[in-house]
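Engineer: One-letter residues, chain by chain:
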Amino acid sequence: MSYTDSELLCVMAARQLRDDQTVFAGVGLPLLAVALAQKTHAPHLTMVVEGGVIGAEVVPGRLPISTNEMRLAHRALMLPPITDIFLLAQRGLIDVGFIGGAQIDQYGNINTSVIGPYERPKVRLPGSGGANDIASLCSEVTIVTLHERRRFVPRVDFITSPGGLSGPGARQAAGLHFGRVARVITHLGLFGFDPASGRLRLDALHPGRTVEMVREQTGFEVLLAPEIGTTAPPTETELAILRRLDAERRFL
Amino acid sequence: MSYTDSELLCVMAARQLRDDQTVFAGVGLPLLAVALAQKTHAPHLTMVVEGGVIGAEVVPGRLPISTNEMRLAHRALMLPPITDIFLLAQRGLIDVGFIGGAQIDQYGNINTSVIGPYERPKVRLPGSGGANDIASLCSEVTIVTLHERRRFVPRVDFITSPGGLSGPGARQAAGLHFGRVARVITHLGLFGFDPASGRLRLDALHPGRTVEMVREQTGFEVLLAPEIGTTAPPTETELAILRRLDAERRFL
Amino acid sequence: MSIRPADFIEARRRRAAKPKGARDKRLEAAEAVRLVRDGDVIAIGGCCFSRTPMLLLRELLRQGRTGLTLVRNLMATEPEPFLVAGAVHTLITSWMGPGLPWGLSRVLRHYVESGQVRFEEWSHLGLGLRFRAGAMGVPFLPTLTMLGSDLMGVGGAKTMACPFTGETVALVPALFPDVALLHVHRADPLGNCQIDGYVHMDPDIAAAATTVLVTAEELISEEDTRRHPERTVIPGLLVDAVVEAPFGAYPGECYGLYETDFGFYDAYAARLAAKGLDGVREFMDEYIYGPATHAEYLARFDPAVLARQQQYARELVGGEPL
Amino acid sequence: MSIRPADFIEARRRRAAKPKGARDKRLEAAEAVRLVRDGDVIAIGGCCFSRTPMLLLRELLRQGRTGLTLVRNLMATEPEPFLVAGAVHTLITSWMGPGLPWGLSRVLRHYVESGQVRFEEWSHLGLGLRFRAGAMGVPFLPTLTMLGSDLMGVGGAKTMACPFTGETVALVPALFPDVALLHVHRADPLGNCQIDGYVHMDPDIAAAATTVLVTAEELISEEDTRRHPERTVIPGLLVDAVVEAPFGAYPGECYGLYETDFGFYDAYAARLAAKGLDGVREFMDEYIYGPATHAEYLARFDPAVLARQQQYARELVGGEPL
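Residue numbers (our numbering), protein chains in the order written: chain A, 1 to 252; chain B, 1 to 252; chain C, 1 to 322; chain D, 1 to 322.
Among the hints, erroneous ones may be present.
Unchecked claim - Facing chain C, according to a computed beta carbon distance under 10 Å, are these residues of chain B, among others:
no., residue
1, Y3
2, E50
3, I65
4, A89
5, N111
6, G175
7, D203
8, L205
9, P207
10, F220
11, T230
12, R250
To be verified - Far from chain C by the CB rule (all over 12 Å, computed), these chain D residues:
no., residue
13, R26
14, S114
15, G115
16, A133
17, G137
18, G197
19, H228
20, D266
21, E296
22, Q311
It is worth saying that the hints were derived from the structure and are not from the lab. Note that the structure is a prediction, hence the values are computed from the model and not measured. Quick reminder that beta carbons are idealized off the backbone N, C-alpha and C, glycines included.
When you get a sec, could you build the whole thing from the sequences and use the hints?
Structural biologist: Here it is, written out as structure tokens:
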């Protein structure tokens with residue numbers, strides 16, 4: 001059974017979601033992961049999108065490219081103002097958030113703002129959008145990204161979205177009493193954070209991946225869990241559902 | 001042409017309103033005054049009511065007894081949440097507000113909370129409702145009330161709604177950079193406030209009223225304007241409109 | 001233990017701990033009200049005579065809850081039975097009265113002037129912003145209202161110098177009710193609510209509270225909700241119980257469906273004038289403790305009057321000149 | 001002079017000074033845009049590809065306004081012509097990009113990386129709360145978002161210890177745009193606006209701004225508004241100009257009426273890839289400076305494509321499974 005890295009990411013992300021949760025999803029892979037979860041083990045999972053949508057259904061072949069198109073409102077349950085959607089997260093109503101990033105550091109901090117200095121950047125990236133809000137306000141955040149050395153840097157140039165900041169206790173000290181980046185899902189494996197140091201830790205490898213591959217693609221030392229598991233490969237059902245959702249393969 | 005004190009109050013209040021204004025109206029006489037102004041010299045006057053109404057039309061014979069009944073929503077232009085209605089006033093969108101009160105002092109402060117001490121009052125009155133908000137946030141406030149000695153006291157037991165507080169500069173010192181109680185309309189006359197002392201000043205008497213009557217019915221010394229005018233009596237048209245609006249004479 | 005004013009951390013902890021998946025939340029009124037505990041801070045939706053959750057309030061009294069705090073932006077007569085029953089120790093509001101034609105509340109005066117019940121007064125906006133702060137999950141909101149007045153001293157508002165401008169602003173502490181009781185026009189089994197006309201403060205109250213109980217004039221399907229998502233004003237993920245209750249706000253009004261039965265309130269006021277608190281006790285026996293069900297309660301009203309109140313409502317909100 | 005962040009006093013002064021009576025505010029786009037001055041801070045309604053006030057933005061460029069600051073929660077490509085025209089010195093937003101399939105904005109990179117244009121970044125909620133604070137007439141709002149991140153340092157947010165709980169909260173300063181440009185579904189001559197589907201941040205932006213210019217897909221009568229007051233999301237008393245503009249947000253989307261013309265954006269991206277900034281200049285000559293009227297602008301699009309985009313929109317928001 002062959003599959004692309006993107007398909008692998010979607011499947012692994014979908015498996016993290018529970019039936020009794022609310023999830024804050026962005027467009028692209030996160031949206032596909034949520035739709036997949038809903039069509040498999042989590043039919044009651046409620047999706048929230050920053051453009052102002054609660055409980056919409058993803059339409060196969062009509063995948064949105066931004067978080068505020070009517071493609072995301074199909075059969076929605078409610079369409080609140082954007083600000084109020086985020087306030088629901090601030091109030092504690094959103095369990096899980098998915099984000100990605102151009103740079104991710106060993107504490108799970110994310111940069112989507114600038115490469116280089118802020119005022120005269122080498123590369124001006126699009127910016128936070130809702131990523132900072134999701135990382136600050138959802139009860140738990142999962143980073144979903146391809147695993148590339150240029151992304152996994154010791155220190156991000158700019159903390160757009162807070163992970164563990166400088167390590168254990170730092171979020172609380174900053175006033176963030178809730179939320180945390182709980183895990184990182186890449187096309188190589190599943191990662192958590194070491195409770196003592198707050199640093200990235202490899203928990204499981206996907207079929208056929210090795211610790212060496214992870215080390216090669218990471219710009220800092222990755223901690224290893226006492227026992228590194230192996231994830232179950234995507235099933236035919238999971239892949240079939242994904243490929244039906246994105247038949248044009250815009251994102252897969 | 002005979003008329004009741006209530007009719008006189010409505011007519012005098014209505015005449016204060018301009019065609020290009022927004023007015024925050026309570027139920028009872030203020031509502032009748034606004035409706036009268038709209039049907040005479042101020043057809044474009046926009047009425048706002050605290051229950052959550054912009055631009056509704058008063059229905060003759062269907063006068064509301066509270067500020068949040070559907071009687072107040074008849075042919076409204078918009079029905080915002082209550083909090084947002086007041087926020088429009090805080091933002092500067094409401095020109096004039098009408099309020100009354102159980103006690104009014106010489107600086108135009110109003111008490112609708114308690115007679116006696118707050119914790120163990122002699123009389124527990126209904127409370128502020130939106131009166132404090134109107135007095136704090138509208139650009140200009142007009143007090144409309146019957147003129148009785150028990151109401152016009154040197155010092156209110158409790159400042160529910162701010163007039164001039166302790167006198168010139170006091171509102172600004174408290175953080176109220178906008179709004180003021182501009183005038184008091186009673187069944188005896190029209191009153192303003194002396195710029196130097198901030199105290200109540202008689203500007204004009206209604207037909208047949210005298211300074212003595214005012215003094216008798218006021219619990220403190222009333223200042224007199226250099227020239228005290230006389231108001232024009234209610235016209236037949238004004239009275240006819242009012243009596244059509246409140247044919248059952250619930251408020252007139 | 002109720003949540004202290006402004007304690008957004010504990011308030012969030014309680015909210016975040018609840019499961020949020022989409023599920024069928026339909027319950028009977030009695031089952032729903034069993035989610036309320038003695039000592040709870042209870043926010044009442046609607047406003048004054050409008051969309052008061054009468055069925056839930058009656059059930060609360062029938063189940064004998066005590067030590068309650070009632071919170072509502074404007075209170076009409078609905079708290080009076082709670083005062084007479086000795087079920088509340090504190091009222092948090094901006095105003096309470098039976099309505100313009102009936103003067104002051106004799107019941108309120110009796111219990112507050114005698115010191116038996118605490119009356120915590122806020123300006124209407126001040127209390128609205130306390131709910132909104134709660135809904136936003138922040139400890140406070142800034143405002144200019146109440147500045148300079150004696151209301152600053154009675155409820156716990158503070159002033160501060162704005163760190164951006166140096167100007168004085170008032171801060172009102174977030175209010176996080178344990179329970180919100182709401183009556184809406186339509187709700188689906190997931191708890192998604194539609195309200196016609198005035199929403200008053202209901203959406204903020206629902207988001208500020210830890211537990212939300214809703215009665216609806218009509219139960220609709222999830223499909224109905226999905227057909228008109230723009231009509232949903234309270235998301236189901238905030239709601240714990242949905243109870244079907246036609247005329248659930250009667251003898252008060254429900255926008256567009258039935259107007260307030262002023263004749264009823266006239267009679268209530270007359271009985272109170274004639275017999276004082278005993279008049280209220282009579283009323284409670286007849287309308288609260290007597291009827292075993294909502295249907296029995298409604299049976300106490302003249303069907304012709306109900307029909308007339310429905311007719312009045314249609315005329316008023318039809319949009320055609322009267 | 002534009003209003004400084006958090007200066008709620010000056011912002012209120014300007015709003016309060018304007019006449020507020022109900023009057024006919026219908027204007028042509030060119031007349032409406034003459035209310036904008038060089039140097040103004042301009043808030044753009046809608047979000048990304050949704051309900052972007054394209055007609056008003058084109059007119060702004062045609063009239064050659066300069067020294068502008070553009071503010072929008074999420075920016076797509078609509079600021080690019082302003083950058084190329086040298087009309088803006090600052091962008092205030094949480095995100096700017098041409099959309100997922102097209103990567104980064106080459107135009108944004110050119111002007112910001114070279115230091116010609118300032119990019120003030122906020123989180124999406126952070127900027128939304130800046131508009132809301134402005135709409136509320138307060139100098140700031142508290143929030144937990146952005147705490148601990150480097151975004152706290154770039155836009156002027158502050159932290160404070162909550163006077164009620166002692167906890168650290170972030171404060172974002174109110175934003176009071178000189179002008180708001182909005183596109184809505186329906187508006188009446190008094191300026192009362194109806195929006196279908198997403199309202200995004202438009203109601204807050206309208207209340208935060210000093211001057212509000214609105215284009216509407218359809219002009220309705222005051223009677224239509226009075227028949228459905230619950231549909232009004234922006235009150236006319238906030239609005240200065242109402243301009244009729246069918247397809248006023250095209251090639252972006254207008255909820256339920258027409259979907260984004262992604263083919264158009266593909267072509268735009270291709271032209272940009274091939275010719276860089278000159279590609280944008282070509283686009284501007286063809287679509288902004290070329291057409292003398294909105295009708296001429298629309299004539300540049302294939303009617304069959306417009307019809308298809310309308311069909312897509314109907315399918316998506318009909319509420320029936322696809």
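Engineer: Taking the hints in turn, state whether each one holds.
Structural biologist: Hint check results:
1. With a least beta-carbon distance of about 21 Å to chain C, the hint placing Y3 (chain B) at the interface is violated under the 10 Å criterion.
2. The interface hint given for E50 (chain B) holds, since its Cβ lies 6 Å from the closest Cβ of chain C, which is under the 10 Å cut-off.
3. Against a cut-off of 10 Å between C-beta atoms, the interface hint on I65 (chain B) holds, since the closest Cβ of chain C lies about 4 Å away.
4. For A89 (chain B), the suggested interface contact is upheld, since its CB lies about 8 Å from the closest CB of chain C, less than 10 Å.
5. For N111 (chain B), the interface hint holds, the least distance from its beta-carbon to any beta-carbon of chain C being 8 Å, beneath 10 Å.
6. A distance limit of 10 Å between C-beta atoms decides the matter here; for G175 (chain B) the minimum to chain C is near 3 Å, and the interface restraint holds.
7. For D203 (chain B), the interface hint is violated, the least distance from its beta-carbon to any beta-carbon of chain C being 25 Å, above 10 Å.
8. Interface hint at L205 (chain B): violated, since its Cβ lies 29 Å from the closest Cβ of chain C, which is beyond the 10 Å cut-off.
9. At a threshold of 10 Å, the smallest CB-CB gap from P207 (chain B) to chain C is about 28 Å, leaving the interface hint violated.
10. Taken as an interface hint, F220 (chain B) does not check out: its beta carbon lies about 19 Å from the nearest beta carbon of chain C, beyond 10 Å.
11. Among the interface hints, the one on T230 (chain B) is violated; its C-beta lies about 32 Å from the nearest C-beta in chain C, farther than the 10 Å criterion.
12. With 10 Å as the threshold, the beta carbon of R250 (chain B) comes within range of chain C, its nearest partner Cβ sitting at about 7 Å, so the hint holds.
13. Every CB of chain C is more than 12 Å from the CB of R26 (chain D) (nearest about 22 Å), matching its label as outside the interface.
14. Chain C leaves S114 (chain D) outside its interface by the beta-carbon criterion, the shortest separation being 31 Å against a cut-off of 12 Å.
15. The Cβ of G115 (chain D) lies farther than 12 Å from every Cβ of chain C, with a closest approach of about 27 Å, so its non-interface assignment holds.
16. With a minimum CB-CB distance of about 8 Å to chain C, A133 (chain D) fails to clear the 12 Å threshold, and the non-interface call is violated.
17. At roughly 7 Å, the least C-beta separation between G137 (chain D) and chain C is not larger than 12 Å, which violates its mark as non-interface.
18. Non-interface call for G197 (chain D) relative to chain C: violated, since the shortest CB-CB distance, roughly 6 Å, does not exceed 12 Å.
19. Here H228 (chain D) does not stay apart from chain C, with its beta-carbon only about 7 Å from theirs, under the 12 Å limit.
20. Against the 12 Å criterion, D266 (chain D) stays outside the reach of chain C, whose nearest CB is about 30 Å from its own CB.
21. The Cβ of E296 (chain D) sits about 34 Å from the closest Cβ of chain C, beyond the 12 Å cut-off, so the non-interface label holds.
22. Remark: the non-interface label on Q311 (chain D) is consistent with the geometry, its nearest Cβ contact in chain C lying 19 Å away (cut-off 12 Å).
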